[in-house]
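**Q** Sequences are here, hints too, so could you generate the full structure?
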Amino acid sequence: MRDLISGIIIFIGISFVGLGIIGIYRFNNFYSRALIASKVDTVGYITIILGVMIRHGFSYFTMKVFFILLITLIINPLITHSVVRSAFISGYKLRKE
Amino acid sequence: MLELTLLLLIVLSIAALQTRSLRNAVIYLGVFSLAISFVYLLYHAPDVAIAEAVIGSTIATILYLVALQKYKIFTIYYRLQDSEVEDTHYFSRYKLQLVKSLEKFCTKQELEAQIIYSLEELDDILTKHQYALIIEEHEAFISIYAHHENYMLDKLEFFLDNEPAFIRPYRIVKMEEIEGEVME
Amino acid sequence: MTFAVFALIIFSLLSAFRVLIGPTLWDRLLGLNLITSKLIVLIILVACLREESFLLDMALVYALLSFIGIIFISIYIQRKGRF
Chain A
29 MRDLISGIII
39 FIGISFVGLG
49 IIGIYRFNNF
59 YSRALIASKV
69 DTVGYITIIL
79 GVMIRHGFSY
89 FTMKVFFILL
99 ITLIINPLIT
109 HSVVRSAFIS
119 GYKLRKE
Chain B
382 MLELTLLLLI
392 VLSIAALQTR
402 SLRNAVIYLG
412 VFSLAISFVY
422 LLYHAPDVAI
432 AEAVIGSTIA
442 TILYLVALQK
452 YKIFTIYYRL
462 QDSEVEDTHY
472 FSRYKLQLVK
482 SLEKFCTKQE
492 LEAQIIYSLE
502 ELDDILTKHQ
512 YALIIEEHEA
522 FISIYAHHEN
532 YMLDKLEFFL
542 DNEPAFIRPY
552 RIVKMEEIEG
562 EVME
Chain C
13 MTFAVFALII
23 FSLLSAFRVL
33 IGPTLWDRLL
43 GLNLITSKLI
53 VLIILVACLR
63 EESFLLDMAL
73 VYALLSFIGI
83 IFISIYIQRK
93 GRF
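Residue numbers (the numbering used here), protein chains in the order written: chain A, 29 to 125; chain B, 382 to 565; chain C, 13 to 95.
If you're looking for bench data, these hints aren't it; they were derived computationally from the structure. None of the values given here were measured: they were computed from a predicted structure. By construction, the Cβ of each residue, glycine as well, lies at the ideal position given by its N, Cα and C atoms. Certain hints may be false.
A few chain C residues facing chain A, derived, Cβ under 8 Å [unchecked claim]: (1) Arg30; (2) Asp39; (3) Ser49; (4) Ala75; (5) Phe79.
**A** Here you go:
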């Protein structure tokens, strides 16, 4: 039973990440790509890691995975912010009409 | 799934060797070290993988960047008009020709070319930023602004004369320093 | 689970293609970030499949180190070559 539930949740997460990949190739403006890469992918990782935690139950393994989830949750938007800020400051000020 | 990762390794190493810009090569090497540490993991060697991740993707990147600091950077501002469709994909043929020949010149002189597309006014770029060349496009010709003490200018003129003919003619304008700015 | 591992490997290959063709430098940095985070999830899935909990230490090391590397490169570009 627990395997089935975790499998469904992991599949939902994989489909989120796949939507992010489609978005990377779909847009041809840098800022839209950065938006897609930061938001959709973070949601996908949270869902996949939740599925892994449900599959393993309450154990030492789950605690470590939870720490990694916390770190990823903080770091992933921070990196995207830093890259976009670097692009904006060094003069990539193109906007599409 | 091992074969796919090994294929990725080959493509990335060839790209890191063949690219012209050195900063792109640093990024390709970062991806390469991440992928090769995943291959170590698949071969049941997690300790080697940790060492590769620490050394390859962090310390080597920082060392390469510190070494790149010794490399001179040639900053080129490209001023765009407001009405143009502004994305890199839509640049027309004659623009790309000039930019490509400038990049070739920088590679020959052992400089790192940094091209910035900007919408600011010409005076703003002159006063606020450090520049080597400013390129502006008019109806019939392209004008290249440069400071009159720029010691690369003679070599650049000589190089552009020997290139095959451009679709739009270019004109080099030498800027004089305004005295009021020096006082500030 | 095996399906998830295969799908993530194919997705990370696609992001590596974005790194190769990206028109600007920042596109390549974005692709590097995507590959790193996909690799972290991939290591977690492999550790779950093999029931080896020491592989998770590698995922922690990856997450912390990729942060330092990418932030260093982006600050380097932002200050135009001076630290």
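**Q** Hint compliance check: list the failing hint numbers for this structure, sorted ascending.
**A** Failing hints: none at all.
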